[in-house]
Every structure is written in structure tokens, then in C-alpha cells.
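Trainee: These are the residues of each chain, in order.
Protein chains: 2
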Amino acid sequence: MARTSGSHSEITGPRLRAAAQALFARHGYAAVSMRRIAAEVGVQAGALYNYIPDKQGLLFELMKSHLDELLAAWQTLPKGVGARDALEAFTRFHVRFHLDRPDAVFIAYMELRNLDPANFRAIEALRRRYETVLEDILRQGAAEGAFDVADSKHAAFAVIAMLTGVTTWYRDEGRLSRAEVEDLYWSMVRKAVSA
Amino acid sequence: MARTSGSHSEITGPRLRAAAQALFARHGYAAVSMRRIAAEVGVQAGALYNYIPDKQGLLFELMKSHLDELLAAWQTLPKGVGARDALEAFTRFHVRFHLDRPDAVFIAYMELRNLDPANFRAIEALRRRYETVLEDILRQGAAEGAFDVADSKHAAFAVIAMLTGVTTWYRDEGRLSRAEVEDLYWSMVRKAVSA
DNA sequence: GTCTATAGCGAGATAGAC
DNA sequence: GTCTATCTCGCTATAGAC
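Read top to bottom, the protein sequences are chains A and B. Read left to right, the first sequence gives residues 1 to 195 (the UniProt record's numbering). Read left to right, the second sequence gives residues 1 to 195 (the UniProt record's numbering).
One or more hints might be untrue.
Stated by the list, open to error - The following residues of chain A were derived to be distant from chain B, with all beta-carbon distances above 10 Å:
1) 9
2) 13
3) 30
4) 102
5) 116
6) 130
7) 166
8) 173
9) 194
Claimed, not checked - Cβ-Cβ distance ranges computed for the label pairs, FRET-style:
10) 81(B) / 140(A): 36 to 44 Å
11) 128(A) / 79(B): 47 to 55 Å
12) 36(B) / 80(A): 15 to 23 Å
13) 69(A) / 10(B): 51 to 59 Å
14) 113(B) / 18(A): 14 to 22 Å
15) 140(A) / 31(B): 37 to 45 Å
16) 40(B) / 47(A): 43 to 51 Å
17) 82(A) / 68(B): 46 to 54 Å
18) 10(B) / 190(A): 51 to 59 Å
19) 82(A) / 36(B): 48 to 56 Å
20) 77(B) / 130(A): 49 to 57 Å
21) 144(B) / 18(A): 31 to 39 Å
As the list claims (entries may be wrong) - Below 30 Å or equal to it, Euclidean Cα-Cα: the simulated DSS-like pairs (lysine-lysine) are:
22) 191(B) / 191(A)
23) 64(B) / 79(B)
24) 55(B) / 191(A)
25) 55(B) / 79(B)
26) 191(B) / 79(A)
27) 55(B) / 153(B)
28) 55(A) / 153(A)
29) 55(B) / 153(A)
30) 79(B) / 153(B)
31) 79(A) / 64(A)
32) 55(A) / 79(A)
33) 191(A) / 79(B)
34) 64(B) / 153(A)
35) 55(B) / 55(A)
36) 55(A) / 191(A)
37) 55(B) / 191(B)
38) 79(A) / 153(A)
No wet-lab data here; the hints were simulated from the structure. As the structure is a computational prediction, the values presented were derived from the model and not from experiment. The C-beta atom is built at its ideal place from N, Cα and C for all residues, glycine as well.
Model the full structure from these sequences, guided by the hints.
Mentor: Take a look at the structure:
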């Protein structure tokens with residue numbers, strides 16, 4: 001089957017998402033034009049609309065697929081039984097997952113304001129599900145007496161904020177290895193919730 | 001001294017900064033137009049340029065004055081002598097200061113990407129000075145044996161990220177008082193760096 | 001599936017009257 | 001100091017040829 005010259009459906013879609021993710025993370029959704037994305041992909045702006053409904057739909061798909069992947073990755077992770085082991089697993093998973101996807105993380109946290117109301121609600125629900133994972137671990141550990149956490153929900157917010165902050169300073173060329181970064185955060189999280 | 005009708009230099013300037021701060025925090029710098037700010041102030045867009053050189057200068061002034069105020073407020077705070085007391089003072093100060101200025105905080109963290117290179121360097125230097133305050137407290141405490149912190153710099157990043165996260169969930173109408181929120185964060189910070 | 005061309009709109013910033 | 005009017009530019013999104 002001959003294919004029309006200039007037809008690249010299998011590669012333009014992924015390239016579009018990759019270019020948009022990189023540009024949105026670097027400059028912000030509102031500051032990046034469709035023309036700029038198209039130039040990065042190597043097509044004209046109009047051609048992008050074969051793959052997305054509009055710019056807003058592109059942002060939503062990037063954020064939704066990131067959070068879907070985050071939840072799926074956690075659920076398939078082999079875990080121990082006790083709350084302490086679960087907390088260590090969560091801490092190391094969160095640091096590792098976020099360091100592997102700095103652009104997607106940046107967008108998921110910074111571009112909530114630019115979502116349409118309906119899209120915002122969908123993304124917030126996914127984020128809330130992830131926060132609840134940690135909240136449940138902390139609550140279980142507190143019930144077992146392994147942790148001293150008066151307010152599981154707000155403690156979960158605090159821990160997630162601390163862990164996610166790693167993306168603002170970590171660089172692969174830096175002094176610390178990823179394993180050392182995991183250890184550093186696990187040490188602080190373990191003590192912060194300890195009895 | 002008669003004043004020209006329609007002349008309001010003393011109030012338009014502050015109103016411009018207040019309107020810009022609220023709108024930038026809510027919708028993002030790139031998504032807010034000068035016309036929208038002018039409408040909020042109650043003047044035409046052209047009149048704004050009597051007070052600012054351009055939109056970029058407006059953003060820079062908002063961010064710089066916020067960080068100047070942050071550093072000045074810390075420096076005039078009465079403090080104890082030991083590292084433990086200094087850490088508690090810093091924690092409570094940071095939470096209180098940030099809860100009082102949610103819009104300014106939001107802009108200072110989210111709009112770095114939209115600063116011109118020279119402006120970015122100036123803002124980053126101020127932020128770095130503030131991080132160093134906490135870093136020095138942690139280093140001193142580690143030297144005294146009061147804290148167990150292997151890496152003062154990255155521990156400071158982690159603590160600041162955790163504390164600043166309070167602005168993402170705290171609401172005045174919520175269940176917790178500000179004093180309770182301060183206590184919650186101080187409890188976690190104290191343990192996280194404890195020996 | 002991609003192209004060129006463009007409709008339709010709103011942006012930042014300036015000029016000059018009052 | 002603020003107004004109206006406007007310059008110039010870039011934006012999202014679509015239409016229709018290939």
C-alpha cells in the first residue's frame with residue numbers, strides 16, 4: 001500500500017505530544033503557540049488539528065495521561081504489608097517516578113489554572129486519588145502505633161509537597177545519585193511521621 | 001491645589017499592582033492581558049503605562065517586592081540563640097508569612113519562567129538568600145548535635161518545599177486555625193531533622 | 001495527512017487631544 | 001493622568017487544494 005508523500009500519522013502524533021510537553025514545561029501553556037509546537041514537530045500549524053481537537057484538549061490529554069500513568073505505576077508496584085514498608089515504598093516510588101518525568105510533573109502542577117472547569121475537575125479527581133494513597137498509609141500506620149500523625153490528610157499533603165519539590169533542584173549531572181536522593185528523602189519522611 | 005479631573009496618581013499605582021497580583025495569581029501572567037488589568041483598575045489600558053515600563057516590568061516588580069519583604073520581615077524578627085529555637089522561629093514565620101500572602105507566593109513560584117533572563121537572575125538571587133537562611137540554621141544545628149542532617153542544602157530545599165505547600169490547601173474557612181497549622185508543620189519539621 | 005492561505009480576533013504598546 | 005484611536009503583530013482555528 002503506497003502512502004501519500006508527507007503522510008506520517010504514526011509518528012506525528014507522538015512527536016506532537018512530546019514537543020508540547022517540553023515547550024509547555026519550559027515556557028508555560030499560555031506562552032506557547034501552536035505555531036511554535038508545529039515548528040518543533042516539523043509541520044505547519046494546521047496539520048496539528050488532525051491529532052487534537054484544540055489546544056485545551058492537548059493540555060488535558062498530557063495531564064490526564066501523566067496522572068493515569070502515575071496511578072497505574074503505583075498499583076502494579078509490589079509492596080510489603082506493614083505501614084512502614086508501604087511508606088518507604090511510596091516515598092521511593094514518588095521520588096523515582098517524578099525524577100523520571102520532570103516535564104510532565106511540572107505541567108501537572110503548574111497548568112491547573114489553564115484547564116477548563118470540566119477538565120479541571122477530572123484532573124483534580126485523579127490527583128485526589130493519589131493523595132488518598134498516602135493518606136491511607138499514614139492513617140493505617142497511626143492506628144498501628146507505628147507513626148505519630150495527628151492529621152493524616154494534611155500530613156499527606158505536607159509529605160507530597162516535600163517529595164515533589166525534588167524536581168526543582170535535582171539534576172542528573174549533580175553531586176547526588178538518584179539512590180542518594182531517595183535515601184535523603186526517605187530519612188526525612190520516616191522521621192517526620194515517626195512516633 | 002486644584003487637581004485635574006481624572007487624575008489619581010496616588011491610588012491608581014497601588015490599585016494597578018493589587019489588580020495585577022490577583023489576576024496573575026488566578027490566571028497566570030501570560031493569560032492576563034493589560035486590558036483586563038485596566039478594566040479591574042477602572043482605567044483604560046494606555047493609562048497603565050504611566051506607572052510601569054511594560055508588562056514584564058510589572059511582573060518583576062511584584063516578585064521583587066515580595067521577596068524583599070520576605071527577607072526584611074525575617075531579619076527584623078526577634079530570635080533566640082540556639083539552632084532549635086531558630087528552626088522553630090523560621091518554620092512558624094514561613095508558614096505565617098506565606099499564608100498571609102497567597103497571591104504573591106503563587107506568583108513568586110509559578111511565574112519564574114516568564115521572567116526575562118536578567119530579571120530571572122535577580123529574583124533567583126533573592127530566593128537563594130532566603131534558602132541560605134534555613135540552610136545555615138540546619139548546618140549550625142547539625143554541628144551542635146541538635147539535628148541529624150547529612151546535607152544541609154538539600155534538607156533546606158525539602159523543608160521549604162514542605163512548608164510552602166501549605167498555601168495549596170489552607171483556607172481561612174477550613175477546619176484548622178493558623179496556630180494549629182503552624183503546630184502541625186513544626187511538629188513534622190522538628191522530627192524530620194531530629195537526631 | 002499536510003500544505004497554503006486566511007478569517008477573525010485580541011494582544012502590547014504608543015500618539016496626541018484634553 | 002486619562003482618554004480615544006490606532007499601529008503592528010501574533011494568536012487559534014478552519015477551508016480547500018493536493
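Trainee: All the hints need checking, so say for each whether the structure fits it.
Mentor: Each hint tested on the structure:
1. Distance to chain B confirms residue 9(A) as a non-interface residue, since its nearest Cβ pair spans about 31 Å, more than 10 Å.
2. The beta carbon of residue 13(A) sits about 26 Å from the closest Cβ of chain B, which is more than 10 Å, so the claim that it is off the interface holds.
3. Not every beta carbon of chain B lies more than 10 Å from that of residue 30(A), the smallest distance being close to 4 Å; the non-interface claim is violated.
4. Residue placement check: residue 102(A) keeps its beta carbon more than 10 Å from all beta carbons of chain B (closest about 13 Å).
5. Consistency note on residue 116(A): stated as away from chain B, and its beta-carbon is indeed over 10 Å from all of that chain's, at 13 Å minimum.
6. The beta carbon of residue 130(A) is kept farther than 10 Å from every beta carbon of chain B, the shortest such distance being approximately 14 Å.
7. A beta-carbon of chain B is positioned within 10 Å of the beta-carbon of residue 166(A); the least distance is around 8 Å.
8. For residue 173(A), the condition that its CB be more than 10 Å from all CB atoms of chain B holds, with the nearest at approximately 15 Å.
9. For residue 194(A), the requirement that its beta carbon stay farther than 10 Å from each beta carbon of chain B is not met, with the minimum near 6 Å.
10. Taking the beta carbon of each, residue 81(B) and residue 140(A) are about 41 Å apart, inside 36 to 44 Å as hinted.
11. For the pair residue 128(A) and residue 79(B), the supplied restraint of 47 to 55 Å is violated, since their beta-carbon distance comes to about 39 Å.
12. A C-beta distance of roughly 53 Å is found between residue 36(B) and residue 80(A), which places it outside the suggested range of 15 to 23 Å.
13. Between residue 69(A) and residue 10(B) the beta carbon distance is about 53 Å. The supplied range of 51 to 59 Å therefore holds.
14. Between residue 113(B) and residue 18(A), the C-beta spacing of about 19 Å keeps the proposed range 14 to 22 Å intact.
15. Checked against the hint of 37 to 45 Å, the pair residue 140(A) and residue 31(B) passes, with Cβ atoms roughly 41 Å apart.
16. The hint said 43 to 51 Å for the Cβ distance between residue 40(B) and residue 47(A), and at roughly 38 Å that hint is violated.
17. Remark: the range hint 46 to 54 Å for residue 82(A) to residue 68(B) is upheld by a beta-carbon distance near 48 Å.
18. Between residue 10(B) and residue 190(A), the C-beta spacing of about 55 Å keeps the proposed range 51 to 59 Å intact.
19. Between residue 82(A) and residue 36(B) the C-beta distance comes to about 53 Å, which sits within the given range of 48 to 56 Å.
20. At roughly 36 Å, the beta carbons of residue 77(B) and residue 130(A) sit outside the given window of 49 to 57 Å.
21. Between residue 144(B) and residue 18(A) the beta carbon distance is about 49 Å. The supplied range of 31 to 39 Å is therefore violated.
22. Under the criterion of a C-alpha separation no larger than 30 Å, the hint pairing residue 191(B) with residue 191(A) is consistent with the structure, at around 6 Å.
23. A threshold of 30 Å between alpha carbons decides the hint, and for residue 64(B) with residue 79(B) the separation of about 25 Å falls inside it, so the pair holds.
24. Taking the CA atoms of residue 55(B) and residue 191(A), the gap is near 45 Å; set against the 30 Å cutoff, the hint is violated.
25. For the given pair, residue 55(B) sits about 39 Å from residue 79(B) by alpha-carbon distance, which is inconsistent with the 30 Å threshold.
26. Pair hint residue 191(B) plus residue 79(A) holds up; C-alpha atoms about 26 Å apart against a cutoff of 30 Å.
27. For the proposed pair residue 55(B) and residue 153(B), the alpha carbon gap of about 34 Å is over 30 Å, so the pair is violated.
28. Between residue 55(A) and residue 153(A) the alpha-carbon distance is near 34 Å, which puts this suggested pair outside the 30 Å criterion.
29. Under the criterion of a C-alpha separation no larger than 30 Å, the hint pairing residue 55(B) with residue 153(A) is inconsistent with the structure, at around 39 Å.
30. A hinted pair counts as satisfied when its Cα atoms are at most 30 Å apart, and residue 79(B) with residue 153(B) qualifies at roughly 22 Å.
31. Note on residue 79(A) and residue 64(A): the hinted pairing holds, with a Cα-Cα distance of about 25 Å set against a maximum of 30 Å.
32. Between the alpha carbons of residue 55(A) and residue 79(A) the distance comes to roughly 39 Å, so the proposed pair goes past 30 Å and is violated.
33. For the proposed pair residue 191(A) and residue 79(B), the alpha carbon gap of about 26 Å is at most 30 Å, so the pair holds.
34. In summary, the hint linking residue 64(B) to residue 153(A) is not supported, as the alpha carbons are separated by about 34 Å, beyond the 30 Å threshold.
35. Only pairs whose Cα atoms come within 30 Å are accepted, and residue 55(B) paired with residue 55(A) is accepted, the gap being roughly 24 Å.
36. For a cut-off of 30 Å, the pair hint linking residue 55(A) to residue 191(A) is broken: about 44 Å separates their Cα positions.
37. Our distance criterion of 30 Å between C-alpha atoms is broken by residue 55(B) and residue 191(B), whose separation comes to about 44 Å.
38. Simply put, residue 79(A) and residue 153(A) have alpha-carbon atoms about 22 Å apart, close enough for the 30 Å limit, and the pair holds.
Going through the hint list in order, the structure does not satisfy hints 3, 7, 9, 11, 12, 16, 20, 21, 24, 25, 27, 28, 29, 32, 34, 36 and 37.
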